[in-house]
Amino acid sequence: MENSPDLQNFLFANKQTFVLILTAGFGLLIGRIIRTMFKILAYAIGLMALVLLALQYLGLVYIVVNFDFLYDMMQWIYGQSKNLGVAEHLFFWVPMIYGLRQKRLLGFL
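Numbering of the sequence shown is given in our numbering, commencing with residue 1 and proceeding in unit increments.
Note that these hints are calculated values from the structure, not bench results.
No experiment lies behind these values; they were computed from the predicted model shown.
Note that the Cβ used here is the ideal one computed from N, Cα and C, for glycine as well.
Just so you know, nobody snuck in bad clues.
Label pairs and their in silico Cβ distance ranges:
(1) K82 x A44: 32 to 40 Å
(2) Y98 x A49: 17 to 25 Å
(3) Q16 x L41: 31 to 39 Å
(4) T36 x P5: 33 to 41 Å
(5) V65 x L28: 40 to 48 Å
(6) K103 x G31: 25 to 33 Å
(7) E88 x I63: 27 to 35 Å
(8) G25 x Q102: 28 to 36 Å
(9) G25 x Y71: 44 to 52 Å
(10) Y98 x N66: 20 to 28 Å
(11) G25 x D68: 45 to 53 Å
Kindly produce the complete structure, drawing on both the sequences and the hints.
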């Protein structure tokens, strides 16, 4: 598109178009800020996990995984998702697609 006065008048004289441009711009800005906050949170959680693993390696703390609790939680999640009718998707399709995506077999996802 050419940068002409007619185009500028069309974009900025129409209030609805101008508000739409501002809304889209602020939406992109807010989305970038939220993504950055989630990345910082993920890195902080990862750093804390690494510190805990290092402390366990040094013998200062002892981390125990309660597999019975994890088993009960997975059974409860499966039961709830089966009641909703999404158990097949949650426990088969989502991990399969994610695995294929990690192997770069699905170029479109």
